[in-house]
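Residues per chain, in single letters:
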Amino acid sequence: MVVTSVTTRCDEALLHFGDSNRCSSRPTALITRPPGALGQSGGVILREPALQLDPRVRRLWALEWGLVALGAATLTVAIVVPTALADNRLAAVVVALIGSSVALILFGLAVFQPRLLYRRFRYEITELGLYVARGSLWRRWQVVPHARIQTVDTKRGPLERTVGLVSVAVTTASAKGGTDIPGLDPRVADALVEELARRAGIDEGT
Amino acid sequence: MSEPSSEPPGRLHPLAVLVFARKRIGASILPVLIIAFTWRGGFALPVLGVLLAVGLGVLVLEWRRFTYRIEAGRLVIERGVIRHTTRVVPLDRIRGVDLQAPWLHRVLGLVQVEVEAAAGGSSAAELSLAAVSAPEGERLRAALLSARGSKEAATDDPPPLVLYRATPRLLVAGGLTSGRYILTPLIALGVLANFADDLPGAFGERLLSEAADRVPTEVFGLTVLIGVGVLVALVLAAAGSLLTDWSFELTDDGDRLVAHRGLLTRRAVAIDRSRVRGFDLLDSPLRRAFSLVGVRVVAGGVGGGRSGRTALAPVISDDHARALARALDPLTALDAMLAHHPRAALSRRLARAVVLPTVLGVAALALQWWLPAVVLFGLGLGGVPLAIDRYRQLGHRFDGSRLVVREGSLTRRWTSLDPRAVVSYAVQRSPFQARSGLCTIVLHLGQGAGSRRVLDCSEEQAGSLLAALDIPLFAPFVPLSSQRVDAAA
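From first to last, the protein sequence lines stand for chains R and U.
Following our numbering, the residues of the first sequence are numbered contiguously, the last one being 206.
Following our numbering, the residues of the second sequence are numbered contiguously, the last one being 489.
Simulated from the structure, these hints should not be mistaken for laboratory data.
A virtual CB, placed ideally from N, CA and C, is assigned to each residue, including glycine.
Each hint should be verified, as a subset may be incorrect.
Away from chain U, derived, C-beta distances all over 10 Å, residues of chain R [unchecked claim]:
no. : residue
1   : Ala73
2   : Ala110
3   : Ala169
4   : Glu195
Computed beta-carbon distance windows for the label pairs [what the hints assert, rightly or not]:
no. : chain 1 : residue 1 : chain 2 : residue 2 : range
5   : R       : Arg89     : U       : Gly378    : 55 to 61 Å
6   : R       : Arg89     : U       : Ser436    : 34 to 40 Å
7   : U       : Trp369    : R       : Arg120    : 30 to 36 Å
8   : R       : Arg89     : U       : Ile82     : 57 to 63 Å
9   : R       : Gly164    : U       : Val76     : 45 to 51 Å
10  : U       : Asp319    : R       : Arg156    : 43 to 49 Å
11  : R       : Leu70     : U       : Ala363    : 31 to 37 Å
12  : U       : Gly408    : R       : Leu70     : 52 to 58 Å
13  : U       : Leu356    : R       : Ile79     : 46 to 52 Å
Okay, chain U solo, but in the shape it has when bound (with noise of 0.2 Å):
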């Protein structure tokens, strides 16, 4: 799509000044609604009006203020009612172009334009177009990414190759072995009982002491009852998994990943394949029951702090995990059999998971509180076979080329990635690791793609793994996927 150097000026699409409003209102509607319903006086309805004739004043002025243009490798944003504001960002440093439709946007045809430029991942830096056009937006991105690509985008290519696609089965698995979901019902509860608190009359406490006559007590009505939380649990579960993820696609088309996702909410997140870095695999115990993982990608500039922007594949077979990081990068070596590390880290395995709450239900029993001593004491010994658990994870290897790495258990995370993504490292070794012969590396990846670690090696596999690491560290950045064509060749 070749762009001339000056193009008229654009707005957002019209109905933006609904987005807006949304936005707004969002804010200072309680306000306006409680001036509206407390104020006895006849003035309330032409206040209201007022302010509202006001509101939409500003929001019309606000859309026209807003115009956004593409010249000379630049996009200019420029916008502001009172106080007027022009964004200037060149087009090389913009590191992704994310098209969202809220549902509001969905029916109404419009997508928002969530541009990511190179700025150390403030998110005050990020610029945003509230509403465009779908056609507009898709034009916009390939406007805004082909300049540095200096390629012609979606002329001649092949069309975009599937990598992953969720199906609605995989989807509730996922949904089901997901420990985050079956927290779901608890967390709504919460805020339930929050919102209780709130409401006039003491509703919540009539609610819950209603509620306590009805519960059954003998053992039937228990068992039906918690029969009937559990099931609940994993409905709204796997309703979760299938609402954030509906119809999850991974396309690859060539210099970019793009992933789409969910039901109400659509979203697409593009991930240039230059940036890419590495892999996460993510799984938990009852994911690893059922073979099935989680993908996420390393790779700078895409934000790990936003949950869900990483994401390759949701919930994927742990073959096909391993399949599809292979595809985007043959050298990933997370097949291959990893260094373990020295007993002495489960000996701080189990000290970190033990002794805390042994002392604390020592002390609670030395006070007479029963109860939590009785949690306490439970806690330590349901953290042995974690501690066993989160020391069998551990490992690293570092083939030359690809540096492996795993860690804990209720979330277990297994990355494989490019040493050249390291941004620093450094060596920590407390008192306690000294006395055992053990210290931890942290390899900072930098762009927001957080820190990866070695933990609790032995002093001469962190010596080999330094020093073979070095080499690598020296060498002049290469992308991944110019290095894919070497490979390739």
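Only chain R is shown next, with the shape it has when bound in the complex (with noise of 0.2 Å):
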């Protein structure tokens, strides 16, 4: 995969990375009615952000998840085992039923959930500032402005080291509108960075 660098080919997304990251090109607006009615192109005023994530992100997620499930089904062995060794079967099967139901419901989200946030999640930076979009039904628009930003990081978990992939945190004077674009590749990241601290006007990136 190859950063194709700085074009403005999707509408007014300013990066526009190679084939992996895909420019969504019909952008799908939050607002279609009344067309026209607000006088910018076609009634639109939020148009959905251009780039997605790399989809490897659905396997770090995915990934997270199944962690989560593998460590609460983990628990209840560890409980169920014990107690019905000590011959108290009411408290083993009410314990092993909620557990396995609570694992069973982990592992859904780790299948299901991943593909259903990679889809919703769009993110660009525009001449204004970084636009990230995220969330299905309770979504999320955000935009901070690049005079705004006060410090673009990368970084790595480990579990993102072995998917290969890198997350970049912005953060702003208010505590709450920063905001994270996990599931990068690294390139892109360092290209993503570059271009955020170029404009926000800080010297050194990362």
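Can you join these two chains into the complex? Each is in its own frame, and there are hints to help.
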């Protein structure tokens, strides 16, 4: 995968990377009705950001959720076996039922949640700032203007390292005003950090 | 006040030892007392004496080792008996200097100096000089803040202009109309009840049964009892308000707004005018009935976390509050009519207030828990007028220079804001909002000023607001005060 660097192909998308980070050519609108009422680009007020995460992020999230599920399952077994051995049937059955259903739900999340989140996570560097949209049912579109960005960090956790991905965290003067982009290819992340730092006027990225 | 680049390091006032002692003893007096009173051997007094001597020695050492100085544009604080630490803060990073005088300080003629430095608002980063003499405190404040403005402090400036002064009458009215103070006796009762449990000999139970025996049962007696209770609550409310905000005075000395307040603990909070980004008017239904509001400043680095630091006027008449905000920022748009949010927002408010208690109430009915069911249904019913008012209060407006948002009923917040204070913003939409074409805009303000919301506006409103806001967000940062000059010119 090659970073094709800064272009303006996707509408106002300024960062456009190689084909693995597909650029959704048709911006989906938050607001589609009534068309043209606001006199801007066909009534579209907040179009979706253009870029997607690295597809491998699905594996990363599946891994994270899977580990949690595994932990729940292990804990259940660790409690059920001694209670059963101690001839406490009822308690063993109750714990086994609750524990296994929790573990099952977590495994289910590990299977389905990453795909959904991956499909719904978009980001983009626009003229105005870093633009990130996340969440499916409860959706949140966030704009961090370039001039307000204080630090841009890349992070690699142990799990991320096994998948070969990096996450980028952006902080502002407001504790809640920052954002993060999980699961990026290191080269994409480097380009992103450099671009954000350049536009924010930060001397040293990372 | 011109500071030479090097001055002899300053020490805290020797009486600071007492202040240190009070802080330390607060934590450790109980074990010491327990030892003293339970140890039946003959050692108790000598051991206590040794402990006291050692403690005093440590405190004196602590005082000896604590030095501060201003040199080369930096505040340097050195401290530590066992582990020596040095803190260096560039003066241009200092956001504010507060002088406080808790009662012990006032008796001894001392002040506590709290320096706020730009460090992400974490309390650990704050610097505090436990006790210096009052004139030294004033000198320090001037010296610490003069570096930034590069302005000779308090030389030929006109005397500070008083913008607001709390009269006892206003404070009493504020106390009586504030729900917070009315809750105080309840809290006091709760604390007392908790405390009574810990007392030996079932003191609490005896007190309760004693009291229960004497509770009058006839209607007249009950009415008198309730009347007395309400009266006590009201008196406490008024007293609480008087205590915290006694002779609250807001002055404008050019670069800074300074608020003095308090009866026992006198506090002074200075707010840099260049950091003022807007104003909050806060009121409750009761205060609205009397046209009273509280005014707070929206400013970076004043720390909304600690209560009262942002207060410009604890209680003030509605008209005066608006005049005050306009005097500080002529562009403030708190008088303007607000755009109402769509009817769908009302359904959402109603659903939020009514659905949960009703569902729980039905569940309680099914379980035949009569009392909880009645309470829950009552809550649901009471939620209806609240929800309607919460909807009526929703509104926003942007006139190109100031953003105004309003929400809340029991505590209504009416904010006028310079949009350049916005650090980042987000549009949020839940599935319920999506169905009725609503969304919420959250504006993060940064440096402890929190965030403000445009709650449940229509997507069209959100769109036009965001489109209008983008331009000021692009603009380079200009503080309000310099803009004020432009407006005057």
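Here is how each hint holds up against the structure:
| no. | hint | in the structure |
| --- | --- | --- |
| 1 | Ala73 | holds (31 Å) |
| 2 | Ala110 | holds (23 Å) |
| 3 | Ala169 | holds (13 Å) |
| 4 | Glu195 | holds (17 Å) |
| 5 | Arg89/R <-> Gly378/U: 55 to 61 Å | violated (45 Å) |
| 6 | Arg89/R <-> Ser436/U: 34 to 40 Å | violated (51 Å) |
| 7 | Trp369/U <-> Arg120/R: 30 to 36 Å | violated (42 Å) |
| 8 | Arg89/R <-> Ile82/U: 57 to 63 Å | holds (58 Å) |
| 9 | Gly164/R <-> Val76/U: 45 to 51 Å | holds (47 Å) |
| 10 | Asp319/U <-> Arg156/R: 43 to 49 Å | violated (58 Å) |
| 11 | Leu70/R <-> Ala363/U: 31 to 37 Å | holds (35 Å) |
| 12 | Gly408/U <-> Leu70/R: 52 to 58 Å | violated (45 Å) |
| 13 | Leu356/U <-> Ile79/R: 46 to 52 Å | violated (33 Å) |
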